[in-house]
Amino acid sequence: MRLNTVLLLTCSIFMWGCQTSPSIVGEETASYIEADVAQLVDRVILAPEGLSLEKDNIQYLYGQADLNGDGSKELLVLLDSSWFCGSGGCTAYLLSAQGNVLSRMTVVRTPILVDNKVTNDWKDLIVWSNGSYRRMQFNGTHYPSNPSIEPKLSRDSQWKNAEKKVKETELYQQDGYDLAKVEQSDILAPASEYRFSFKHYGDPMFHYYAVVNMLDDTVNIITEEKSDNTL
Numbered sequence: 001m002r003l004n005t006v007l008l009l010t011c012s013i014f015m016w017g018c019q020t021s022p023s024i025v026g027e028e029t030a031s032y033i034e035a036d037v038a039q040l041v042d043r044v045i046l047a048p049e050g051l052s053l054e055k056d057n058i059q060y061l062y063g064q065a066d067l068n069g070d071g072s073k074e075l076l077v078l079l080d081s082s083w084f085c086g087s088g089g090c091t092a093y094l095l096s097a098q099g100n101v102l103s104r105m106t107v108v109r110t111p112i113l114v115d116n117k118v119t120n121d122w123k124d125l126i127v128w129s130n131g132s133y134r135r136m137q138f139n140g141t142h143y144p145s146n147p148s149i150e151p152k153l154s155r156d157s158q159w160k161n162a163e164k165k166v167k168e169t170e171l172y173q174q175d176g177y178d179l180a181k182v183e184q185s186d187i188l189a190p191a192s193e194y195r196f197s198f199k200h201y202g203d204p205m206f207h208y209y210a211v212v213n214m215l216d217d218t219v220n221i222i223t224e225e226k227s228d229n230t231l
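Take the sequence shown: its position 112, counting from 1, is numbered 112 in my numbering, and each next residue is one higher.
To be clear, the hints were calculated from the coordinates, so they are not data collected in a lab. As the structure is a prediction and not an experimental result, all values here were calculated from the model. C-beta: ideal position from N, C-alpha, C; glycine also. Possibly wrong hints are sitting among the right ones.
[Claimed, not checked] Label-pair ranges, simulated between beta-carbon atoms:
{"hint": "1", "residue 1": "SER197", "residue 2": "PRO151", "range": "25 to 33 angstroms"}
{"hint": "2", "residue 1": "VAL44", "residue 2": "LEU153", "range": "36 to 44 angstroms"}
{"hint": "3", "residue 1": "GLN174", "residue 2": "SER52", "range": "24 to 32 angstroms"}
[Stated by the list, open to error] Listed below are the simulated DSS-like cross-link pairs for lysine-lysine, each with C-alpha atoms no more than 30 angstroms apart in a straight line:
{"hint": "4", "residue 1": "LYS165", "residue 2": "LYS199"}
{"hint": "5", "residue 1": "LYS199", "residue 2": "LYS167"}
{"hint": "6", "residue 1": "LYS199", "residue 2": "LYS152"}
{"hint": "7", "residue 1": "LYS152", "residue 2": "LYS55"}
{"hint": "8", "residue 1": "LYS165", "residue 2": "LYS152"}
{"hint": "9", "residue 1": "LYS160", "residue 2": "LYS226"}
{"hint": "10", "residue 1": "LYS165", "residue 2": "LYS181"}
{"hint": "11", "residue 1": "LYS181", "residue 2": "LYS199"}
{"hint": "12", "residue 1": "LYS152", "residue 2": "LYS167"}
{"hint": "13", "residue 1": "LYS152", "residue 2": "LYS117"}
{"hint": "14", "residue 1": "LYS164", "residue 2": "LYS199"}
{"hint": "15", "residue 1": "LYS165", "residue 2": "LYS226"}
{"hint": "16", "residue 1": "LYS117", "residue 2": "LYS199"}
{"hint": "17", "residue 1": "LYS226", "residue 2": "LYS152"}
{"hint": "18", "residue 1": "LYS117", "residue 2": "LYS160"}
{"hint": "19", "residue 1": "LYS164", "residue 2": "LYS117"}
{"hint": "20", "residue 1": "LYS181", "residue 2": "LYS167"}
{"hint": "21", "residue 1": "LYS164", "residue 2": "LYS181"}
{"hint": "22", "residue 1": "LYS226", "residue 2": "LYS181"}
{"hint": "23", "residue 1": "LYS167", "residue 2": "LYS117"}
{"hint": "24", "residue 1": "LYS152", "residue 2": "LYS164"}
{"hint": "25", "residue 1": "LYS181", "residue 2": "LYS160"}
{"hint": "26", "residue 1": "LYS117", "residue 2": "LYS55"}
{"hint": "27", "residue 1": "LYS160", "residue 2": "LYS199"}
{"hint": "28", "residue 1": "LYS226", "residue 2": "LYS199"}
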C-alpha cells in the first residue's frame, strides 16, 4: 500500500460537495466545457419539454467519463428540479461526445459511480436508487431506464476494507481520530475510490481527508487549513 500526503493551504482546491456545473481541467480525453454543457441541457434535454434553464430556473449536476474507451468522454446530467424529480429520485441523461442522448434514467440519486467492470464494451455504472446501490449494465444500445428495479449492490465490505487501510497509515495511528465516511458526490466518479475525513490531535488547525483507491492500493491523505468560521 502506498501513502501520499499533500498539504493544502486553502480549502478551494479539495472540495467534495456537488456543484451545479463544475469545470473540467487537465483531462486526457476529449471532454465538454461548462458552456457546452449548459447549451446541451437547454437544447437536447429541456427544449423538447418546453423548458429552459433561464426561464424555469432548473438546476443540474453533471460529470464526465470515458465509459467505452473510445478516447472521448460521455456526459451524464442529473436534473435537480420539481419538473424532473419525485420522492424516489430524479431524472438523468447520458449524452455521447457528439451530444446525442444515449440513455435516460429515472429514480436516480447520487452517488453515481463508474465501476471497473465492463459489460458489452461499456463500463458498469453504480447508481443510488430507491434506497440502495444498483448495478447498471450496458445492454448493447443503452443503460437501463429505471435503476430502482436493477440488482442491488452492497459496498459495505469495500468501505470496511478502505477504512482499515486509512487506520493502518502512520499518520492516522500517530494522532488521528473521528474517522468518518464521506459519500462520493461527484457525478461519474470512480467506484474504486473511498473517501474519509478525520481529525488529528497534533494538528487541530487542519482538516484531514483520505482517498483510498482499492484498485492500485493507495491512500492519499490531503490536509486543508481550517477557515476562521470553522475554528
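*Failing hints, ascending?*
When the structure is compared with the hints, numbers 2, 3, 6, 7, 16, 17 and 26 turn out to be violated.
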